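Here's the letter readout for the chains.
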Amino acid sequence: MSLGALLLIVIVLAILGAVAGRRRALGLVGGDKRALHSLPGHYGQVVFLFTAVPALVLTGLWLFLAPLLIDRMSSESLVGSSLTDDTAMTLVMTDVRRIARGLEVLSANGSLSESDISQMRADFSNVRVRMAEAGVALGADVGPQVFEAAKVYRDYSNTSRVLMNIAVIAVAIAGLFWSLTRISKDYRARNASEKFTVVMLIAASLVAVLTTFGIVFSLVFETYNFFRMHSAADFFFGLVWNPQFRGGSELGILPLLWGTFYVSFVALLFAVPIGLLAAIYMAEYASKPMRSVAKPLLELLAGIPTIVYGLFALITVGPFLRDYFAQPLGLGNSSSSVLTAGIVMGIMLIPFVSSLSDDIINAVPQSLRDGAYGLGSTRSETIRQVVMPAALPGIVGAVLLAASRAIGETMIVVMGAGAAAKLGLNPLEAMTTVTVKIVSQLTGDTEFASPETLVAFALGLTLFVFTLGLNIVALYIVRKYREQYE
Amino acid sequence: MNVSVNLENDVDLAQHKIVAKNVQVYYGEKHAIKDVNINIQPCSVTAFIGPSGCGKSTFLRTLNRMNDTIDICRVEGNISIDGENIYDPRVDPVQLRAKVGMVFQKPNPFPKSIYENVAYGPRIHGLTRTKAELDEVVSASLQKAGLWNEVKDRLDEGGTGLSGGQQQRLCIARAIAVSPEVILMDEPCSALDPIATAKVEELIDELRSNYTIVIVTHSMQQAARVSQRTAFFHLGNLVEEGATQDIFTNPQDKRTQDYITGRFG
Amino acid sequence: MTDVAISPTKSIYNPDARTRRRNAAEMRFRLYGLSAVVVGLVALVILLWSILASGLGSFSQAFITIDVPLTASVLDKSGTRDVEELKKVSTVGYGNVLRVALMEQLARDKVDTADVSEKEIFDLLSKEAPATLRNMVLADPSLVGQTIKFKTYANGRVDGYFKGRVTLESAKLDSNITPGQLLLAERMQDAGILTSGFNWDFFFGPDASDLRPEAAGLGIAFIGSAYMMLIVLVLAVPIGVAASIYLEEFAPKNKFTDLIEVNISNLAAVPSIVFGILGLAVFINFMGMPQSASLVGGLVLTLMTLPTIIIATRAALRAVPPSIRDAALGVGASKMQSIFHHVLPLAAPGILTGTIIGLAQALGETAPLLLIGMVSFVRSFPGAPPEGFLDPAAALPVQVYNWTQRGDPAFVERASGAIIVLLIFLVVMNLVAIVLRRRFERRW
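Residue numbers (this note's numbering), protein chains in the order written: chain A, 14 to 499; chain B, 243 to 507; chain C, 15 to 458.
Honestly, the hints are just simulated from the structure, not real lab data. If you're wondering where the values come from, they're calculated on a predicted model, not measured in any experiment. Hints are supplied without guarantee of correctness; some may be wrong.
Said to hold, decoys possible - To give an idea of the interface, some chain C residues facing chain A are shown, with a C-beta separation under 7 angstroms as derived from the structure: (1) Arg36; (2) Phe43; (3) Leu45; (4) Ala283; (5) Ile434; (6) Val435.
Virtual Cβ for every residue (Gly too), placed ideally from N, Cα, C.
With the hints as constraints, model all of the structure from the sequences given.
See the structure below:
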């Protein structure tokens with residue numbers, strides 16, 4: 014039974030339960046719904062919720078937890094082999110899962126019967142060919158033991174699937190009957206259903222917290238694995254980034270951080286003055302018709318996906334800078350460079366800076382402007398000497414938010430900054446950033462459980478910490494600033 | 243300096259400081275000020291009174307072209323100060339506002355130090371050449387505003403840290419520092435408590451010997467206390483204008499009478 | 015009391031030197047502001063123009079149409095028309111059929127082929143052509159023995175020649191094409207064998223490998239993106255709205271709800287690539303979901319979009335005045351009823367607008383999808399949902415990235431074309447959002 018079918022069954026049960034609940038409630042009072050505590054519909058709602066929700070929660074938990082258990086149990090069949098080390102184990106388990114999935118595909122499309130599978134042996138039969146048919150490419154070192162573990166794995170997952178189906182349907186039916194029996198004339202169905210709803214609302218708002226936990230957990234966990242394989246000192250203080258397929262990589266983060274900050278700095282150098290001046294012009298000078306045209310157009314820049322900016326860097330800005338600046342000046346001949354990525358990212362950040370600054374400038378009370386005008390200030394004097402100093406904290410916050418955006422930006426630097434990890438000053442040279450390396454290390458062909466791949470998580474954690482720190486500081490400053498004028 | 247000259251009797255001798263003729267103000271479609279004619283005497287306090295929304299504040303703001311900062315506002319007619327039309331295209335509102343200062347309803351010190359607040363005007367207009375001169379202007383202005391003794395030891399502290407009444411007097415000092423000839427006050431005491439109000443009123447009375455003051459007020463008692471001349475506005479019209487005593491004791495117009503006796507407003 | 019030196023009264027008609035200087039500074043400042051706005055707008059124009067200029071070409075395509083005799087003795091030696099038997103003839107065999115047919119066609123139409131070798135002539139056809147023909151025959155064995163009109167793509171270089179991307183000069187330096195071939199292509203155009211037309215396959219066809227840019231299409235990327243948007247819609251909207259209702263209407267003010275609030279505002283600013291790492295670590299490695307699947311992509315995008323939807327929904331709920339709630343409570347409705355019957359319907363336009371903007375954001379998101387394997391080369395269309403959610407798929411923005419990473423410049427044209435399509439979708443979504451806001455916005 015597929016997952017879809019299972020969910021459908023649960024929903025159908027719940028709907029049937031709702032109809033039954035409503036009927037039962039009306040039946041208890043002989044059809045006179047005034048005698049009921051709640052509306053008949055509420056009794057239906059209660060049954061629906063008690064039938065569907067626990068069953069669905071169980072399904073979710075099962076899907077989430079079962080793989081863990083199955084992993085552990087099927088890895089027991091590998092015990093005794095030479096795999097003492099956890100890392101190697103993780104590696105092998107990946108293979109086990111892939112083979113198991115391949116077997117499942119083959120048995121599902123009928124090209125392999127159950128007895129075929131049980132007779133299949135890694136060292137004799139054409140496992141590799143059959144697996145390739147199912148779209149699973151196997152490495153060279155898949156031994157018979159791994160293959161056996163895969164079979165065990167597959168058995169366990171099939172059993173788990175069946176057990177889950179039974180358990181979920183049982184829970185749904187139990188919920189249905191239990192809630193039906195609770196219905197009586199004085200049962201406060203509305204209160205029950207509403208309480209239940211509030212619980213669900215709380216659960217929904219917990220998704221955000223769970224997401225954060227998920228992020229932190231996955232980053233920290235894999236980073237921990239990374240540091241068990243690779244020296245932390247090299248990562249934090251190494252000046253060379255040079256991953257090798259065969260191990261012995263130098264994975265120093267400093268060249269990447271340098272590239273990240275250099276590109277972000279160029280972007281901010283471009284975006285902050287332009288964004289800020291544009292915001293000032295829009296807020297204080299622009300005529301109404303101009304504002305109504307130019308403002309949405311500028312905001313359009315914010316709605317354009319970053320991949321578009323990346324392509325822009327790749328096909329327009331990069332070649333332009335190379336042909337008209339880098340080559341004539343003898344400063345390099347690469348179309349991807351710090352300046353390319355920085356300028357394009359700067360363009361992306363203009364609307365971000367300008368709309369934040371706009372909010373902040375507008376939060377400065379009109380009375381301050383009046384005070385300055387009343388003394389005979391010109392507009393620009395009022396802006397520079399009264400509005401800007403008053404808005405400064407807010408603007409600092411906005412710049413920090415923009416910086417956090419710039420540091421975390423991926424596609425523009427992937428397509429515009431280049432891949433060479435360098436500690437250089439020449440802005441027309443290609444350099445690379447943390448995000449570029451996260452992408453390249455996680456989309457490459459290296460083994461997952463190697464330091465070359467896991468370093469991406471350490472990079473991700475660094476990125477997360479930096480951006481989070483910037484955000485918290487920025488939001489704090491902006492909030493303090495707002496409070497000042499409220 | 244604390245000379246109280248009773249100007250009420252010799253107003254006629256003085257030349258008019260401000261002359262407004264057929265002034266119309268429009269906010270978009272709305273006709274906010276309808277054909278106002280008024281003459282304002284130098285070195286005296288003129289009070290504008292009237293119910294809310296009667297246009298008194300709007301009219302006040304036309305006198306130093308503060309309405310220029312509002313896009314939809316349009317002014318017609320003729321307002322001259324010392325015989326010069328302030329709506330003449332040659333006039334730079336910036337220079338005009340140095341001559342016609344303004345104090346607002348809500349105290350609005352800049353988020354800077356007390357010293358910087360007062361020094362701001364002289365700085366932008368380039369009124370002083372040296373730091374010593376500027377110091378002198380600041381202390382003189384604070385003294386005239388009666389705030390010197392309260393703040394002389396903490397000129398470097400923020401202007402927003404003062405009490406409401408002190409803030410308003412700081413704003414008055416700030417306006418005086420540019421040496422204006424006219425000071426416009428838009429309900430300067432409406433955000434203050436009675437004690438602070440009394441201090442500001444006292445200050446206004448002192449200032450009128452050197453400055454032409456126009457004050458908008460909600461409170462008829464205040465108008466009676468501080469002003470020599472009073473103008474009553476109603477629904478955008480200037481209903482009646484005259485010596486304060488006359489307006490309060492012997493109003494010519496029924497509407498004025500109704501207003502000062504509390505029938506509406 | 016000291017009297018400070020006061021400058022004598024001057025006429026306000028004549029600005030003094032200082033005022034003139036200040037006004038000049040004013041003008042300069044104003045000019046800076048104006049130029050900042052202009053820089054922003056010019057950047058927008060150049061951006062759009064460069065994408066349009068390089069991408070519009072991908073919508074049209076050079077096709078070659080020839081009569082192909084599908085000789086039974088070559089293609090079906092057994093004579094049974096059995097598909098398994100037909101499969102024995104490889105694409106190379108079909109290539110030979112095509113080559114012969116093309117030569118005959120050129121001879122029939124009296125196209126001068128003097129200075130071009132037969133191999134070079136055959137190379138004018140897309141490398142995809144034999145496979146297309148083979149698939150046609152396998153799908154309909156009765157074609158064997160007939161002569162069919164077969165329309166296929168011209169080679170990407172030839173296509174580029176008619177769009178101006180390839181010139182006779184550049185062909186001299188190009189190992190994949192010769193000027194002679196291009197001139198022949200021109201003669202073929204005159205003879206009506208080679209035509210240009212709207213390229214539907216760009217929208218509906220699957221991706222193609224490095225050597226066949228002319229055959230690459232967006233079909234799978236469309237489906238992948240559509241699946242992911244569906245998942246985002248189904249998951250993010252209910253969860254987002256439910257969370258907003260709780261936080262805005264029910265949540266007590268305490269540490270716990272503060273934590274949630276801080277969480278949401280920070281999640282909104284977490285770089286998108288971190289969500290990709292989350293997807294890789296949790297959904298793929300931990301829970302064992304397949305790579306490249308639209309389900310994983312949809313889940314990652316859901317988590318990413320959630321803060322946007324929550325923030326928009328809360329703003330919409332907050333905009334409904336408390337008097338409405340009081341009115342409902344006043345007639346004896348429960349809090350839940352007042353919210354679901356009155357507040358939520360009134361906030362619906364705002365919620366909808368926020369949702370569309372969130373979806374538009376998700377549609378254009380690339381970085382996290384790269385990490386969950388959506389960048390891999392997918393040739394087969396995913397199945398129907400729900401099982402199809404687990405099949406490998408591509409996504410529009412990822413397809414763009416994918417194409418830019420390939421050698422042939424023809425792919426850059428495709429990538430820009432795909433961007434145009436993506437931008438059209440985004441513009442439509444944003445317009446809908448704007449119209450909705452205009453239409454239903456209520457000022458209380």
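Evaluated hints:
1. Arg36: Check passed: Cβ of Arg36(C) comes within 6 angstroms of chain A, closer than 7 angstroms.
2. Phe43: 4 angstroms, holds
3. Leu45: 10 angstroms, violated
4. Ala283: 5 angstroms, holds
5. Ile434: For Ile434(C), the interface hint is violated, since the closest Cβ of chain A sits about 10 angstroms away, which is over 7 angstroms.
6. Val435: Not OK, violated: Val435(C) not within 7 angstroms of chain A, min 12 angstroms.
Violation of the numbered hints given earlier is confined to hints 3, 5, 6; the remaining hints are satisfied by the structure.
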